[in-house]
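Asks: Guided by the hints, dock chain D onto chain U, whose structure is given.
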Amino acid sequence: MIRSREEKIIQLVSHIILTGVTIAIVMPFVLLFISSITEENTLIRNGYSFIPEKFSFAAYIYIFNQAGTIFRAYGITIIVTIIGTLINISISSMLAYGLSLRKLPFKRLISFYVLFTMLFNGGLVPSYLMWTGTFKITNTIWALILPNYMLSAMNIILIRTYYHSSIPEALYEAAEIDGASSFRVFLNIVLPLGKPILITMGLFAGLNYWNDWTNGLYYLRGRSGERLYSIQNLLNRMISQIQFLATNSAASSLGEEAARIPSASVRMAIAFVAMLPVLCIYPFLQKYFQEGIAMGAVKG
Amino acid sequence: MPEVTRSQVTVKRKSSKAAKLKRWLPVYIMMAPALVYLFINNYIPMAGIVIAFKKMDYNSGIWKSPWYGLKNFEFLFSTQDAFIITRNTLLYNLAFIIVNTVCGILLAVLITEIRHKRAKKLYQSIILVPFLMSMVILSYIVYAFLSGENGFINNVILPLFGNEEGINWYMEAKYWPFIIVFVNTWKNLGYGCLIYIATMNGIDRALYEAASLDGAGRLKQIRHITLPSLKGTVITLTLLNIGRIFYSDFGLFYQVPQNSGQLLSTTNVIDTYVYRALITLGNTGMSAAAGLYQSLVGFVLILISNLLVRRLDPDSAIF
Numbered sequence: 011m012i013r014s015r016e017e018k019i020i021q022l023v024s025h026i027i028l029t030g031v032t033i034a035i036v037m038p039f040v041l042l043f044i045s046s047i048t049e050e051n052t053l054i055r056n057g058y059s060f061i062p063e064k065f066s067f068a069a070y071i072y073i074f075n076q077a078g079t080i081f082r083a084y085g086i087t088i089i090v091t092i093i094g095t096l097i098n099i100s101i102s103s104m105l106a107y108g109l110s111l112r113k114l115p116f117k118r119l120i121s122f123y124v125l126f127t128m129l130f131n132g133g134l135v136p137s138y139l140m141w142t143g144t145f146k147i148t149n150t151i152w153a154l155i156l157p158n159y160m161l162s163a164m165n166i167i168l169i170r171t172y173y174h175s176s177i178p179e180a181l182y183e184a185a186e187i188d189g190a191s192s193f194r195v196f197l198n199i200v201l202p203l204g205k206p207i208l209i210t211m212g213l214f215a216g217l218n219y220w221n222d223w224t225n226g227l228y229y230l231r232g233r234s235g236e237r238l239y240s241i242q243n244l245l246n247r248m249i250s251q252i253q254f255l256a257t258n259s260a261a262s263s264l265g266e267e268a269a270r271i272p273s274a275s276v277r278m279a280i281a282f283v284a285m286l287p288v289l290c291i292y293p294f295l296q297k298y299f300q301e302g303i304a305m306g307a308v309k310g
Numbered sequence: 002m003p004e005v006t007r008s009q010v011t012v013k014r015k016s017s018k019a020a021k022l023k024r025w026l027p028v029y030i031m032m033a034p035a036l037v038y039l040f041i042n043n044y045i046p047m048a049g050i051v052i053a054f055k056k057m058d059y060n061s062g063i064w065k066s067p068w069y070g071l072k073n074f075e076f077l078f079s080t081q082d083a084f085i086i087t088r089n090t091l092l093y094n095l096a097f098i099i100v101n102t103v104c105g106i107l108l109a110v111l112i113t114e115i116r117h118k119r120a121k122k123l124y125q126s127i128i129l130v131p132f133l134m135s136m137v138i139l140s141y142i143v144y145a146f147l148s149g150e151n152g153f154i155n156n157v158i159l160p161l162f163g164n165e166e167g168i169n170w171y172m173e174a175k176y177w178p179f180i181i182v183f184v185n186t187w188k189n190l191g192y193g194c195l196i197y198i199a200t201m202n203g204i205d206r207a208l209y210e211a212a213s214l215d216g217a218g219r220l221k222q223i224r225h226i227t228l229p230s231l232k233g234t235v236i237t238l239t240l241l242n243i244g245r246i247f248y249s250d251f252g253l254f255y256q257v258p259q260n261s262g263q264l265l266s267t268t269n270v271i272d273t274y275v276y277r278a279l280i281t282l283g284n285t286g287m288s289a290a291a292g293l294y295q296s297l298v299g300f301v302l303i304l305i306s307n308l309l310v311r312r313l314d315p316d317s318a319i320f
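If you're matching them up, the sequences are chains U and D in order.
The opening position of the first sequence corresponds to residue 11 in the working numbering, with each subsequent residue numbered one higher.
The opening position of the second sequence corresponds to residue 2 in the working numbering, with each subsequent residue numbered one higher.
Just chain D, same shape as in the assembly:
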């Protein structure tokens, strides 16, 4: 009776499907709010990248605005801005990667060396505080130091060196590469440092005991055990940062220099350019073009860096 068997099978399959649905439906319902949020917050804007190829007309909306080909990109790349924002974004990020890695490792090594338990904890706690503050707060602190009339540096530090005039910090672009790198290091030092400390805590104690039995001092142990075992973390973090090299902290470049037009040559990055083109200038097309340029190059870089990370350290890869 092949007929019967077949129908029995279908019935069974149907009921197992229904059972499966019954089993998993509540789980899907629980997952739904987050998935819907991602759809709205992340996926709809992805479709919106077509704006970069349109001549945006607010009256007719995104979809009915006329196509504009690559004109927006032509305009963008015919200005000097495209070069400046790309250069600034890349160079700052490179500087951040180098300075943060070196300082982070140095401090992590020093902190783990400290024998005094409470002092060690104190250092570790304080170093993280700036990381928890918003860029607006940091911009106030920077202002207290750099303000032209009231700033601590102009009023107290520079006169010590015989400079009574002071420097108009918010007008002179040449100082800002140092200021930005300094502020970034100050803010993010604790973050990197903690990651390295976590790696160091994972190093097998037996290695150090063996080394010290062999007569190796602390410096030798640091050089031959601690630093080599950080290699994996350093490479992974660097690759992940390279993946993000086309992006920057909007607040650091917008808020800290107080949106000063005089400083644009050294503080304008892709993120601030996109914002100013959209909000200040109202040039949607150009802003969208710069945004898409960032997203696409960023996407390629993230893919490449992740593939490399996955080869070296599968646990740290995003996918």
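Okay, chain U solo, but in the shape it has when bound:
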């Protein structure tokens, strides 16, 4: 193919600009990682930098030894993400299935009921009073699972649209003639054929749960709330209380060790550990993420 001068210049300029953007996106993550493996005194003297004088894995060793708080938080994040995503996808796929049936009585009314939640909301105060007062979820694991992330009206619409466009009506009719129950149809036809969209929406639901820190901020309080901190809540708490780690181990009667805690690097190490799973799964599932966004899937 003959390429014009113009085209060559465009290729070159595009590559230069996009390489610049890529660097601008990657470098902050690199800074975070390098900071986490910088020796503590170097950090205190020279600050966070890309080329530290001295490296040290003390922060990661500390995380491993200290384990208790951090592993616990990690475990809670994993449990909440799994439970939340499973519930989200089960109830969403069933609701979307109903809404995709053309002859369902009251379909328009139910659609409106779902859509209206995207237009108007009661705001934080009534939700807060309801979850804490009526449902008493404060300082329970449900505080991290129930509010907000179990269902997204927008995702219901995307799933329904997908069912509409990719499951032929004739299939339902054939199943009905064979005497299959609605639940059978859902299990044997809708779920298998709707797999791509359910994976996509499940990923976004999972990401919401993994990244959420607001529910913990609202509904976990005091000492008994701390036990349920997700990894994001722990990070949140650590950045607001710089001395958190020091006081935490001082409380466990290791006063002198408190002075040796590499807190500046540990903070960055925990942040890195918290984002690692997302970074690891993204390359394998990016197709789903990108398709979801092109469709309009929402993230918290």
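No wet-lab data here; the hints were simulated from the structure.
Glycine residues also receive a C-beta, built at the ideal position from the N, C-alpha and C atoms.
Pairs of lysine-lysine residues, derived as DSBU-like cross-links and limited to a Cα-Cα distance of at most 35 Å, are as follows:
hint, chain 1, residue 1, chain 2, residue 2
1, U, 205, D, 118
2, U, 205, D, 21
3, D, 122, D, 232
4, D, 121, U, 297
5, D, 72, U, 146
6, D, 121, U, 205
7, D, 56, U, 146
8, D, 56, D, 72
9, D, 232, D, 118
10, D, 118, U, 297
11, D, 175, D, 72
12, U, 297, D, 232
Restraint ranges, calculated between C-beta atoms of paired labels, are given here:
hint, chain 1, residue 1, chain 2, residue 2, range
13, U, 36, D, 72, 51 to 57 Å
14, D, 118, U, 36, 19 to 25 Å
15, D, 79, U, 23, 52 to 58 Å
Replies: Just chain D now, kept in the frame of chain U:
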């Protein structure tokens, strides 16, 4: 025998109703969990907006607390805060809409121009990574750059320009409009970009072939084919964003500035105000009033923007 016919008809109707119920009941049962969840998570709090008109007394509960008329709103709008949070919310969102649209389109055009398949894929993948991170993680990254004593900027960048003192970033409100817009762009660039790329992939290839036969170069093709065909997407996205202009990303304004009181004049938005009034100050009435103010204006804006979207592009409208 009219009598018989009529009763026969009723019987038939009854049995068809029963059949209908039998046919649809399992479907309704399957839909029920999600509908119940929406009722609890979304509809009950809607009824709770009455709190904005009450003098909240926790001992007697929401419904028995005395009515307070519009007093909560009077208090809210008599403070300077009401003006500041409205101004900040609106201006930031406007800045986000403009910056994200321009940058998103620019990068989308550049990425689609790239011939090298693997490079193209790589750019497209990396650009989305910040979008997948939580605001807490971002606040750590921002902290690594801006921290007073340890920050990269104070330690490495500013000394290059002869500033050895450094800047106390978390104490000086004037820098934050730029920081917030920058962080928001950095995080959300990939999202907008991908939507524009999706639109561009839908453009008919024949248009470009015809243009190139007519001797139009790539730049001309971008100007006369690519950009005009993005118009619909741009208008739709902008309208949808205008519908959300009274809302903001709580984490961006609470977490990234680390809840610093010194920065409130440029970082306080309606969402952070509602949270602080409720949790930090324990002023339920004022918080509820600000929340309802946001919900109502937001509702009107969403309705208007959706009506406009529906006229221009029915597929993208919410209703």
